[in-house]
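Number of protein chains: 2
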Amino acid sequence: MEQQGKVHPITRDIEGTPQESMFDIKTQTLPPLESDDVIVKCLYISIDPSQISRMKHKSSSHTSAAATSKIMPGMLRENCGYGKDDIVYGLLNWAEYTIVKNGNTLRKLDPMEDFHYLTISEFLVNSISTPIRYSVGTSGLTAYGGFFKVCKPKKGEKVFVSAAAGSVGNLVGQYAKLFGCYVVGCAGTKQKVELLKEKLGFDDAFNYKEKTDLNLTLQSYFPNGIDIYFDNVGGEMLEAVVANMNPFGRVAACGAISQYTNSRKQATPNMIDIIYKRIRIQGFLSLDFYTNDFKDFMQMTIDYVRKGKLCVLEDVSHGIENIPAAFVGLFHGHNVGKKVVQIAQE
Amino acid sequence: MEQQGKVHPITRDIEGTPQESMFDIKTQTLPPLESDDVIVKCLYISIDPSQISRMKHKSSSHTSAAATSKIMPGMLRENCGYGKDDIVYGLLNWAEYTIVKNGNTLRKLDPMEDFHYLTISEFLVNSISTPIRYSVGTSGLTAYGGFFKVCKPKKGEKVFVSAAAGSVGNLVGQYAKLFGCYVVGCAGTKQKVELLKEKLGFDDAFNYKEKTDLNLTLQSYFPNGIDIYFDNVGGEMLEAVVANMNPFGRVAACGAISQYTNSRKQATPNMIDIIYKRIRIQGFLSLDFYTNDFKDFMQMTIDYVRKGKLCVLEDVSHGIENIPAAFVGLFHGHNVGKKVVQIAQE
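Those protein sequences? They're chains A and B, same order as listed.
Counted from 1, the first sequence has number 294 at position 288 by this note's numbering; the numbering is strictly sequential.
Counted from 1, the second sequence has number 30 at position 24 by this note's numbering; the numbering is strictly sequential.
What the hints contain is simulated information worked out from the structure, not anything from laboratory work.
Predicted model, so just to flag it, every value in this text is computed and none were measured.
Some hints here could point you the wrong way.
Since the list gives no way to pick one copy over another, a pair counts as held whenever it fits inside one copy or between any two copies.
As the list claims (entries may be wrong) - Quick list of in silico lysine to any residue cross-link-like pairs, SDA-like style, CA-CA up to 20 Å:
{"#": "1", "residue 1": "K283", "residue 2": "V322"}
{"#": "2", "residue 1": "K217", "residue 2": "E242"}
{"#": "3", "residue 1": "K158", "residue 2": "F254"}
{"#": "4", "residue 1": "K160", "residue 2": "D209"}
{"#": "5", "residue 1": "K158", "residue 2": "R284"}
{"#": "6", "residue 1": "K271", "residue 2": "E242"}
{"#": "7", "residue 1": "K271", "residue 2": "E245"}
{"#": "8", "residue 1": "K283", "residue 2": "Q265"}
{"#": "9", "residue 1": "K161", "residue 2": "D210"}
{"#": "10", "residue 1": "K271", "residue 2": "A249"}
{"#": "11", "residue 1": "K283", "residue 2": "Y296"}
{"#": "12", "residue 1": "K107", "residue 2": "P38"}
{"#": "13", "residue 1": "K271", "residue 2": "E216"}
Same shape as in the complex, but just chain A (with noise of 0.2 Å):
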């Protein structure tokens, strides 16, 4: 079978913020199928920033992403485990069809289990991508492992959350509120900051572009100290949190979106305030949860999706044109929560 298709093969080194004249497209004869080969359409790719850290590290030729895709006839064998048209999701190419080598990197998704209550893009959303090592690409349970299993939360306690109406922090603030805490967040532009107060039910927030001075304007905001920072973003914010820590205060570091593009951009905190005020700071990715923590975080997911008490935020874009756009448009903070692609129909 001799099958066509596009591709964005990454065109130059990816250094300092991303352009879009960094990729390319392309149309390309997909090579003759092996018998251990699964093909793949894709239907929707999830975009995340931690993805420039696989193109500069991994020097491949071809971008990857968490996406969601269908079984295409191709090859397949009796057994393989796949039927056609099955839902399945997995770390694939910027790509219409992706060739997969031993079907076992990708989960097949169950209609009955899995889309009872959310669609293909919302399961995206909220669930883990693959079980391969590295990939970030859902927010769901990066969220909820780094919220309740990294940070372990008590009722009352005050969150602080950067990048707050981003994939991952638009849904560590709604699960805080839920389980109790006092929120606030902080995001880019005006916008951003009435949608967490107004729609995610953030108990207060702020565009950190406004403020000169990060270290008295969270002072203003947590007159009482931070407890828990779900840290996006590193930087001076992550120094100017740390100073306002409370004793025991507990740091999820998931992300450092001020530092991918800038590696001058690094946090100095200050090893006095975390060597008195007992701070920790812990690194963490989704994968560490899949094993043990998969099955709570979907029941609850699901069951707060189903009530109307959390709020689902996609942001959307269409064809495989667009992803560039949308990859490059996260550094610019564009987005307003996580950031999908849809490549093709169901």
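Starting from the known structure of chain A, fit chain B onto it as the hints suggest.
For chain B alone, coordinates are given in the frame of chain A:
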């Protein structure tokens, strides 16, 4: 009763690296005693770098330090809990005599329990000085709690200790070796490096002052990465450790001596490493372990000392006049092991 004694008030604000000229010595007459007062004669004073924080932050006219002292007759009320010549420890002045308001802040040492295997100065080395908040006067519980409780080591893990010939570091390395870890320490002189390897049983050690590239140095001492870092120094060393740490590595943040006297020497650990390697950086103080772990700590430590497995490394000066030199020397690496000044004979 009129009692005269020498005291060491601070003569000017401590900024930057402390110098002997910042301290003065005077002979004062002790004020009249009030009914709740207890007067103690100082025997040994614990000299610790963290005292500089107390000097800077409290603008106290008297320095204070963990000390072992002897109850003087003074005006001892009946049933006050103390008798003449009782040996106590607490947070006291750099002085021959201190009047303690309400003796609750003193802990009485039990000659049978506490001194069965340890001398009075060894007790100061291995024990905790006082339950008063922020008094991190002594070293043993810091080493024990930081290594066992914060780092949660597994046998065979690879441990790095900075300031490893210091009061806390030497004990961390010895505990880690006795527990079954691979231990490398760094220190600032050839003599200290030899001591670590030959007397204290470290697997390896190096002089950081001879190394121009800490990152490459750690790579060569830990070709398979670092699992646990007991951090006494902060700064560049912490950055290099984070770069060389294994997934799920732990940093016990105990001290930041590189930063005590120069706030520009703050560490900028790479947050992307912290996230992807799920590194935990945890600040702590010895007093956090006082309630639940003190007994186990003392039992293990006394047992090791008695069996000759644990070396108690004391560095003793004599006379109240020598306190400033002993203190200032800490910031130049003059001490080997725990610095103690003996003020009087028992």
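Those earlier numbered hints the structure runs against, lowest number first: Failing hint: just 1.
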